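Colleague: The lines below spell out each chain.
Number of protein chains: 2
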Amino acid sequence: MTAPNISMRQLIEGLGAQMAEALKVSVMRPPADRKPFRGVAVLGMGGSGIGGAVLADMVRATSPMPVQAVSDQVLPGWVDADCLVVASSYSGNTEETLAALKEAELRGCTLAAVTSGGALGARADEGGWPVVQMPGGNPPRSQFGRSFLGLCALLHAFEVLSDASWEALKRGVAQLDGPSCAERGEALAQAVEGKKVYLYGDTPMRSLLTRWRQQLNENSKLLANVEVFPEMNHNELVGWESGNEACVAVLLRTPDDHARTQLRMDITAKVFQDQGADVIVVEPDGDTRWARLLDAVWVGDWMSLVLAERADVDPVDIRFIDHLKNTLSSHA
Amino acid sequence: MTAPNISMRQLIEGLGAQMAEALKVSVMRPPADRKPFRGVAVLGMGGSGIGGAVLADMVRATSPMPVQAVSDQVLPGWVDADCLVVASSYSGNTEETLAALKEAELRGCTLAAVTSGGALGARADEGGWPVVQMPGGNPPRSQFGRSFLGLCALLHAFEVLSDASWEALKRGVAQLDGPSCAERGEALAQAVEGKKVYLYGDTPMRSLLTRWRQQLNENSKLLANVEVFPEMNHNELVGWESGNEACVAVLLRTPDDHARTQLRMDITAKVFQDQGADVIVVEPDGDTRWARLLDAVWVGDWMSLVLAERADVDPVDIRFIDHLKNTLSSHA
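These protein sequences, in sequence, are chains A and B. Just so you know, the first sequence maps onto residues 1 to 332 in this note's numbering. Just so you know, the second sequence maps onto residues 1 to 332 in this note's numbering.
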């Protein structure tokens with residue numbers, strides 16, 4: 001499913017440049033006479049879906065319309081002709097995304113695409129939809145810069161993402177410090193190596209932590225756990241009575257975290273430590289939420305790569321997924 | 001934080017009767033002249049929040065308006081005066097729920113409550129909001145029957161939940177088989193005991209699996225992992241390259257699962273087994289989705305209780321949460 005001779009290290013090293021390049025990608029302007037949307041759904045699975053989830057988390061507190069990521073083959077019932085539906089599939093052939101998109105077409109939604117081609121690219125061309133066009137041939141998860149910033153550019157053009165957010169994103173890309181991300185990612189990898197990893201942050205960080213988990217899954221071949229504050233304080237915290245020194249809690253902390261949750265994190269970190277677990281606090285660099293988001297993505301990518309290299313597993317290989325897709329395609 | 005001498009076994013044994021009784025709870029009828037809502041938000045944390053999450057999952061594919069569970073202190077930006085906001089807090093004093101509710105009041109939302117009293121009960125009385133009134137004094141997680149069915153009754157009265165769903169729920173309660181749930185829950189506990197538990201199901205089952213996780217957390221003092229199909233096939237599956245016989249995958253399977261996902265589950269279960277993990281398939285009883293939901297909740301409750309008893313831990317005790325709340329309250 002992936003091209004030979006791809007170096008995940010080179011792809012991750014190039015993430016900053018990929019983001020800078022993505023900012024130059026031209027996105028077709030949406031029709032000038034459109035009505036305001038009732039809501040937005042961003043369809044996508046895995047590495048093609050996480051950008052929509054991150055965007056939804058980033059705008060949840062402020063967007064006057066629901067912006068929802070859909071990582072499923074079923075379209076939510078409320079998505080109708082007054083909604084914008086963006087289908088994000090790197091290959092353009094993701095089964096679940098195409099199924100949900102088909103339903104969106106039937107309902108008469110305004111449509112757009114983020115893709116390198118495939119069936120999705122063909123339908124977008126045919127329909128004249130706005131498209132974020134990506135070069136193909138790489139693992140979808142390595143194209144987060146292009147897919148996420150492309151999605152943001154698209155939603156900025158549709159006036160779903162504010163000018164202020166878009167400017168903050170552009171400044172964030174310009175400020176990214178590649179060597180620093182690599183260094184902090186490597187230190188993080190060393191700190192969690194050999195332990196069962198539990199990733200925690202404030203609620204709006206859930207999708208960013210999920211990106212970290214997905215990279216640990218696919219690049220490092222590791223299982224990891226994501227939960228968020230304040231909800232985890234009402235249940236998972238008690239499960240830590242059986243936590244111990246085999247566990248490591250990675251706590252993503254930013255100045256954006258709710259003041260009460262900052263206090264909850266202090267108290268909870270102490271509980272983890274009392275159980276014998278290591279607690280690693282990660283504080284992303286950047287002067288805005290958007291800048292810190294991009295920094296944290298890159299640090300997480302490095303963590304997953306270094307863990308793969310230290311364990312001597314191939315970060316590109318995803319043979320379990322290839323096996324699944326091959327078996328599924330024989331049952332079309 | 002909880003009354004002395006509470007037996008979690010008695011509370012779980014009584015869940016069927018609790019549900020039957022909850023169906024008789026009278027809910028104040030909403031005003032007859034109300035306008036259709038733009039969307040619904042159900043606020044709640046932990047055991048008081050999971051009912052809203054389950055309801056949102058159950059209606060996602062069919063509801064013509066977004067129904068969103070909010071387990072956070074921050075209200076989503078899109079929730080406005082055209083929305084219904086239900087605050088669910090068993091104690092009526094949950095900090096996060098009251099914070100989000102305060103914002104909902106400022107925005108002029110239509111309001112309702114599910115509570116045993118506290119500050120929420122007082123404000124609901126003062127405002128004349130529809131209230132699902134619960135008896136107090138028990139652990140919130142033991143009151144799922146009352147809080148979930150009360151929420152459903154409320155949303156049925158507001159015409160958010162359809163007559164057909166409500167009737168299916170009532171039939172589901174009548175059909176519940178207590179001894180069978182206990183027996184299947186005990187068998188499930190024995191099958192997962194001593195292993196690291198990974199809970200899986202189709203996307204609309206996420207919140208039900210989350211309920212299982214929460215019960216494992218709070219009653220059994222265990223950590224567990226929840227992910228869903230088809231998304232887990234795009235990332236977490238690869239993490240299973242490091243899975244082994246110390247892991248057990250619990251696969252919740254129902255006739256409602258998407259046909260393609262049923263196939264994905266077959267293939268994935270084989271991958272788990274090839275890694276040495278046990279795979280336990282759970283198929284809830286019942287003739288509708290709603291009946292199967294209630295059955296599965298009860299089975300999961302039993303699983304968590306039996307695991308607690310076999311490990312000789314107190315299923316009622318939640319000292320880590322008590323410690324957190326006490327420390328937080330000294331920083332009000």
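Be a bit skeptical, because a hint or two may be false.
Label pairs and their computed distance ranges (CB to CB) [as the list claims (entries may be wrong)]:
#: 1; chain 1: A; residue 1: Ala174; chain 2: B; residue 2: Gly108; range: 36 to 42 Å
#: 2; chain 1: A; residue 1: Ser329; chain 2: B; residue 2: Pro36; range: 39 to 45 Å
#: 3; chain 1: A; residue 1: Gln10; chain 2: B; residue 2: Gly276; range: 32 to 38 Å
#: 4; chain 1: A; residue 1: Arg171; chain 2: B; residue 2: Ile6; range: 50 to 56 Å
#: 5; chain 1: B; residue 1: Ser242; chain 2: A; residue 2: Asp278; range: 51 to 57 Å
Keep in mind the hints are simulated off the structure, nothing from the lab. Nothing here was measured: the structure is a model prediction, and the numbers come from that model. Don't be surprised by glycine CBs; every beta carbon is placed ideally from N, CA and C.
Colleague: Under the constraints set out in the numbered hints, which ones does this structure not fulfil?
Modeller: Hint 5 is the one this structure does not satisfy, whereas the remaining hints hold.
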